[in-house]
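Using the sequences and the hints given, assemble the complete structure.
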Amino acid sequence: MTQRPTLPAGPGVGYKPQHYSAIMSDPGSVDWLEIHAENYMGAGGRPIAQLRHLAERFPVSVHGVGLSIGGEGRLDADHLDRLKHLCDWLNPASFSEHLAWSTHDGAFLNDLLPLPYTQATLQRVADHIDEVQTTLGRQMLLENPSSYLAFAESEMSETAFLRDLTRRTGCGLLLDVNNVFVSATNLNMDAQAYVADFPMESVGELHLGGHDEDHDDHGAPLLIDSHGREVADPVWALLDDVLARTGPAPLLIEWDTEVPEWPILAAEAARARRALSRAPRRVAA
Amino acid sequence: MTITDQTQFRTALLQPDAPTPETLLDGLGRPAGRRFSVYRNNVAVALTEALIDGFPACHILLGDQTFRAMAGQFLRQHPPDSPVMAQFGAALPAFLDTAPQLARMRWIGDLARLEMALRDSYHAADATPLSGEALAAIPPAELGETRFGLAPALRLVTSDWPILSIWRRALDPSRPVAARRPEAVLIARPDFDPVPHLLAPGDDVFVTSLCDGATLGDAAEVAAKATPEHDPTAILTLLMQTRSLTGPKDTT
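Each protein sequence line maps, in turn, to chains B and X.
Position 100 of the first sequence, counted from 1, bears residue number 100 in this note's numbering, the numbering being contiguous throughout.
Position 204 of the second sequence, counted from 1, bears residue number 204 in this note's numbering, the numbering being contiguous throughout.
Since the hints were made in silico from the structure, they are not lab data.
Wrong hints could be hidden among the right ones.
Simulated coverage check for chain B against chain X, where a stretch passes if three residues somewhere in it have a Cβ under 8 Å from a Cβ of chain X [as the list claims (entries may be wrong)]:
1) 30-42
2) 143-157
3) 181-192
4) 199-205
Predicted, not measured: the structure shown is a model, and the values here were computed from it.
Glycine included, C-beta positions come from ideal geometry on N, C-alpha and C.
As structure tokens, this is what we get:
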């Protein structure tokens, strides 16, 4: 029987094909890799061949960006089949997706779109997570979103919504620390209060990424989750608060647009390793 | 209370002049305003960039401004029907064929077909090619009766336009300007990189016959019917050199 690998409590990076040779020859601080599931759904060719080679050397996390778990409609059965096929042959250490929607009425919009937090959406998302976990035969992690706006009809906080989902479905959580900082800034919330209220016992992975700065109609700061630059210093500081609660955990650097040369990404991974080394080994109960 | 359903959200996303749904707010309870534009912009930019990546020669020859304008119209009429972005744009060639603004570039749809075929080939399944030894082991008298398989990454694109010459010149302006003539292009993937090859008249008929399961002899006969002077030696050599033959299937 094949054993299921686990993600090590060290630094990982989002894998980009242009870094293949560099990672294979000297991964530096990088202990594991994350791929976007949708980029590995072809029948063969270089993407699949490279992924097979990488998976022989590194634990791999499969991160879906297109399942539309927060969608109003049913999950796309074809897409769920593709995910199952990928997870079956790759046997990844983790599978995660987003608290967001991206497909509606058969059209895929290629963005992570927000949903209101109500009893009705809670039930819908819980049903979708059940379907995913049953189909894949494994626990999934659900990631907190970056928010640019709020819904008048929301009835509960995001942390309460996520906590209830873990209770109803047994899913784990992927805590994106940059998303917390972005959402807190954009929606006038306290990022530390969000972290204090987050159900850390369910966290199986952490994300860090860079954001851009813009302004809204009133001149208030509007941060954009662009994944196109280094992680901002206040996000590293917020990470320390998170790690004080979680202890060492799998920590991913995401850099998806304007992808840099490998040494720059490797330096972010090295900084992640230093942050992890400061985390308490034993977390106070 | 009004509920923002996803139909309303999606409609506002794809129509730049549509109003922002009024239940969307900022952190202080004021209308979301241009905060909604972040999502609107993300959707348009992500899908447009996917088309630019997928159709680089079309992007170069139409120019950035025209390509982005066409992409904006296309993605609103034909949003992706799957999250697998490698497949996005399959409907673009037909869209470009009939775009009234491009009536003076009638070849642009076929150029997009060539680029889509290159991308399909890149992601196609792997196959074990026929080795030179295995080919040599087939007795010459039986060769004509042999049915070979073809690699799944093989693609054939035919056009009334010099489509491969146009594609090459788009990516390398030092190439000569294409003479007006039809071209048939075979895309082969010897390892991981698809390479387009210009075919001689009759070769496309020959390859199509092999694809349909014909024996070598029958394919040569059909090709000779279409193009009397057709000699299958060159195309067979190309198929062997590019590791595009598999099999043989069976000889009965």
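Evaluated hints:
1. 30-42: holds (count 4)
2. 143-157: Check passed, 6 qualifying residues.
3. 181-192: holds (count 4)
4. 199-205: Since 0 is below three, the answer is violated.
When held up to the earlier numbered hints, the structure conflicts with hint 4 and nothing else.
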